[in-house]
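Q: Sequence:
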Amino acid sequence: MAEPDPHVQELLDGLAAARGEFLAALGDIDPALRITPGLVGEWSARDLLAHVGYWAGHAGEALHRAEEGELEGFGRDELSVDERNEVVTRVARETEYATVAQREEGAFQAFGERLAAVDPELLADRDADGDTLEEIIAFDGADHYREHTLDIRAWFDGKDAPDEADAD
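With the working numbering, letter number 154 in the sequence shown gets 1267, and the count goes up by one each step, no holes.
Just to be clear, a hint being listed does not mean it is correct.
[What the hints assert, rightly or not] Listed next, with one range per pair, are the computed distances between beta-carbon atoms:
#1 A1130 x T1212: 24 to 30 Å
#2 H1177 x H1120: 17 to 23 Å
#3 P1119 x G1243: 23 to 29 Å
#4 H1120 x S1193: 27 to 33 Å
#5 R1203 x D1270: 27 to 33 Å
#6 R1239 x S1193: 18 to 24 Å
#7 G1271 x L1192: 31 to 37 Å
#8 P1119 x R1203: 39 to 45 Å
#9 G1243 x H1120: 18 to 24 Å
#10 A1230 x G1154: 33 to 39 Å
#11 V1194 x A1145: 27 to 33 Å
#12 P1119 x T1245: 14 to 20 Å
#13 I1148 x V1194: 22 to 28 Å
Hints are computed from structural coordinates only; laboratory data are not their basis. These numbers come from a predicted model, not from an experiment. Every residue gets a Cβ at the ideal spot worked out from N, C-alpha and C, and that includes glycine.
The task is simple: from the sequences and hints, build the whole structure.
A: Right under this line is the structure:
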């Protein structure tokens, strides 16, 4: 496989770093508390891990749709973000933590592989909501892991999680 474009490599490096920080913060949670609600709202660590895994998979799907020339239809006639998050949480609560962790790892790996192979010219393509592929990659990937790393740190500090706007 050829080396990724330098800009794509920056995106990959940022994604890997953000996920590493997220997993380190998540790893600081006592294993006995990983399925206890209240980490982020009513979400447990397991729910949060399933959540970021789902959205990594979503970004991977956006990459796939862009490769197929179908990104402009991506996001149309789909569930709202809140509806998706509710489904992901419901499934996570019925799943062992280790399985959720394996699924997140698989989604992250697939996302990274697709991103490494992306034609950089596709990054400017837009989905049904007008977001560029690069914006989707950032929001569902590195930015999302960073946002929830801040949530975990706030939980440890006994503080409210920062607003998304503050995390930027």
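Q: For each hint, tell me whether it holds in the structure or not.
A: Here's how the hints hold up against the structure:
1. A1130 x T1212: 24 to 30 Å: Check passed, 26 Å falls within 24 to 30 Å.
2. H1177 x H1120: 17 to 23 Å: holds (20 Å)
3. P1119 x G1243: 23 to 29 Å: Hint holds: Cβ distance 26 Å, inside 23 to 29 Å.
4. H1120 x S1193: 27 to 33 Å: With a Cβ separation near 31 Å, H1120 and S1193 satisfy 27 to 33 Å, so the hint holds.
5. R1203 x D1270: 27 to 33 Å: holds (29 Å)
6. R1239 x S1193: 18 to 24 Å: For R1239 and S1193 the Cβ distance comes to about 20 Å; the hint holds.
7. G1271 x L1192: 31 to 37 Å: Between G1271 and L1192, where Cβ atoms are some 34 Å apart, the hint holds.
8. P1119 x R1203: 39 to 45 Å: holds (41 Å)
9. G1243 x H1120: 18 to 24 Å: holds (21 Å)
10. A1230 x G1154: 33 to 39 Å: About 36 Å separates the Cβ atoms of A1230 and G1154, which means 33 to 39 Å holds.
11. V1194 x A1145: 27 to 33 Å: holds (31 Å)
12. P1119 x T1245: 14 to 20 Å: holds (18 Å)
13. I1148 x V1194: 22 to 28 Å: holds (23 Å)
When each numbered hint is compared with the structure, no violation occurs for any of them.
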